[in-house]
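S.K.: Sequence:
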Amino acid sequence: MFYALIGEDAPGTLERRMAVRGEHLARLEALRDEGRLLIAGPMPAIDSPDPGPAGFAGSLVVAEFDSQASAEKWLAEDAYVREGVFARTSVRPFKKVLP
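Taking the numbering used here, the leading residue of the sequence shown gets 42, the next gets one more, and so forth.
Simulated from the structure, these hints should not be mistaken for lab results.
Cβ atoms here follow ideal geometry from the backbone N, Cα and C, with glycine treated the same way.
A hint or two may mislead.
[Claimed, not checked] Okay, the calculated beta carbon distance ranges per label pair:
no. : residue 1 : residue 2 : range
1   : V138      : G63       : 16 to 24 Å
2   : L139      : E56       : 21 to 29 Å
3   : M84       : Q109      : 20 to 28 Å
4   : G53       : K136      : 30 to 38 Å
5   : E70       : P90       : 28 to 36 Å
6   : D91       : V138      : 25 to 33 Å
7   : K136      : G76       : 17 to 25 Å
8   : K137      : P52       : 17 to 25 Å
9   : M59       : L139      : 30 to 38 Å
10  : V61       : D107      : 21 to 29 Å
11  : Q109      : S89       : 28 to 36 Å
12  : S89       : E113      : 26 to 34 Å
Working from the sequences, and respecting the hints, build out all of it.
M.R.: Here it is, written out as structure tokens:
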């Protein structure tokens, strides 16, 4: 089943986010290579594709996992969680309808 993994950035963590971005992306690329990643990306803090110093409000990942518990475990092990980029996280079942 698909799950939506949402992380909300803590204030002032843009530098930390950028420092561990490579590790974060490598885990997403592994999901993609396994055919489990539907979509992933950051949510800019302002209405711009390049928010500059405004940074990001958080990130969204929609991927396939065996269970909600395994999706929660995957998110808990992410660099953005470990390094305190995310102030809050949530994992919800996601049912793909379109396209």
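S.K.: Evaluate each hint against the coordinates.
M.R.: Tested hints:
Remark: the range hint 16 to 24 Å for V138 to G63 is contradicted by a beta-carbon distance near 33 Å. Taking the beta carbon of each, L139 and E56 are about 37 Å apart, not inside 21 to 29 Å as hinted. In this structure the hint that M84 and Q109 lie 20 to 28 Å apart at CB holds, the actual value being about 22 Å. Between G53 and K136 the beta carbon distance is about 35 Å. The supplied range of 30 to 38 Å therefore holds.
Between E70 and P90, the C-beta spacing of about 21 Å breaks the proposed range 28 to 36 Å. In this structure the hint that D91 and V138 lie 25 to 33 Å apart at CB holds, the actual value being about 31 Å. The given range of 17 to 25 Å is respected by K136 and G76, whose C-beta atoms sit roughly 18 Å from each other. Range check, K137 to P52: about 33 Å between beta-carbon atoms, so the 17 to 25 Å window is missed.
In this structure the supplied range 30 to 38 Å holds for M59 paired with L139, their Cβ-Cβ distance being about 33 Å. A hinted range of 21 to 29 Å for the beta carbons of V61 and D107 is consistent with their spacing of about 26 Å. For the pair Q109 and S89, the beta carbons lie near 33 Å from each other, so the given range of 28 to 36 Å is met. In this structure, S89 and E113 meet the distance hint of 26 to 34 Å, their C-beta atoms being roughly 31 Å apart.
Checked against the numbered hints above, the structure violates hints 1, 2, 5 and 8; every other hint is satisfied.
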